[in-house]
Structure formats: structure tokens, C-alpha cells
Amino acid sequence: LGIEAAAAIKKSFPSVEITILEVAPYLLPRQLDIKGGEILSKCLSARGLNVAAGVKISAIESANAPSAGAAGGVILSDGKKIPAELLVISAGVKPNTEFASAAGIAVSRGIVVNEYLETSAANVFAAGDCAEYKGVVWGIAPAAVEQARIAASNAAASRSAKYDGTIMSNTLKVAGIDLTTEGDIVGREGIVTYENADTSRGIYKKIFLKDGVIVGSMCLGDAAAAKKISAARKTAKTLEEKEAKELIS
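Residue numbers for the sequence shown follow the working numbering, so the first one is 18 and each next one is one higher.
One or more of the hints may lead you astray.
[Unchecked claim] In silico SDA-like cross-links for lysine to any residue, where the CA-CA straight-line distance does not exceed 20 Å: (1) Lys-245 with Asp-195; (2) Lys-52 with Thr-210; (3) Lys-52 with Lys-254; (4) Lys-244 with Ser-266.
[What the hints assert, rightly or not] Per label pair, the in silico range of CB-to-CB distance: (5) Lys-97 with Lys-59: 20 to 26 Å; (6) Ser-177 with Leu-93: 22 to 28 Å; (7) Ala-22 with Ser-94: 20 to 26 Å; (8) Glu-257 with Gly-71: 34 to 40 Å.
No wet-lab data here; the hints were simulated from the structure.
For each residue, glycine too, the CB sits at the ideal point set by N, CA and C.
Based on the provided sequences and hints, a complete structural model is requested.
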């Protein structure tokens, strides 16, 4: 959403200089790896959007201007100042855990749940943006829906359904650039990866295989390839190395 906001402002006011600040080491860390993030940054730069990743804002400095509250810029943790007249903050979701904590329910970043979506309190479940499972607050609609179904099932019939994380599946338009991410893209033990990067065209394709079967993929800048990879993943077919490389060629 932050990237989309920056792109929309740039489209409306082409002469305005815009810098996207990202606290993670690269853009979209849930959808891309570092190489994909770097390629996306170059694509955005070609569109007139500056990107600074791996940075933290330590202060917002007011401007000496007649309008109250006008921003003069931001000060980064390394002391660098980036001048600004307008700040747009896109910071995701932050679970409200105060009421749960006050009730004596275990909380961390979110309300801690187990594989049955049970909290530390008997017969109390948590699901959606407030829930934290194995250290992860998913903060996305598909996870909320899946967790709600499992929590409801377990509320009706004790421990009748288990939750083991949500399989990611996102198709986005990032400043007009196609991006599809599906399945497990973490690269766990036993995962074999194949990738194809064309920085000049802003294209990055990568597939993750376990025992020859596609378990995850990321595709930047090539919507047709994304559909082809997605279809191959859904067949659960075992691929030889040649077939895997042809799929992302």
C-alpha cells in the first residue's frame, strides 16, 4: 500500500521527488527475496521513485512554515535527514493486546495461540489480525478467514481442527508491475530452488521444489509466466531439472 501511494502521488504530481523508506532490508519481504526486492527497487527507480531500504526513522522534524504541523523532513537512525513536505505512513497492522493482557491471557506481538487457535485461557480462542501463531502475526485476510473457520470448529467440537500457518497466495499490481507469490517461499531444509532474473526488463521468476514438486513460487513482471507456474504447482507433478528450468525460462 505504501508503494501504491507513492506511485499514485508521482502520477498525479510528476515533478515531485518521492522517496520510499523501508525498514526491512528490501521491499516486500513477505512476497520477495533480496534479489527480487532489488529488482523491484530498480523498476521503481526507473519510474522516478527513490527507494531506501533497511532504514529506520528516529524523528520527524517540523518545518518553519506558517501552516501548523507541516513536516520539514525525517531524521534516520544514522543521522541522515531526508527533507519532506508530505509524509505518508504505511505501517501494517499492530494487534491490540491490551484487553487480553489485562485479562491474564498470554500475549507477545499478538495474542498467543496454539495449533487449535486456543489462547492461554480455557475456552478462549483468537483469530485474525490479533492472533500470533509460532511468532507470526499474519495480518492478511486469507489467514483471518482460515483461522476463523478453525477456531469456530474447535469452539463447536474441542480440538477438531488444526492450524499450521497459511499458505501465501498473492497477486498484486505494485506500481503497475505484476507480482504473484504463492506457497512456501522461505527455502526450508530440503527445498531446491531455480530462478531466472532479467534485471533490464524488470523480470524475476523463482520456484521452490521439494522432492521435485513445486511448493512455492514468486514471479515479478511477467503475468503470463505466473499463470503457467501456478498451473504447474496445482498439478503437484514431479519435475525434472530441465522441466523446472524451462518453466521459468
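*Tell me, which hint numbers fail for this structure?*
Hints 3 and 6 contradicted; others consistent.
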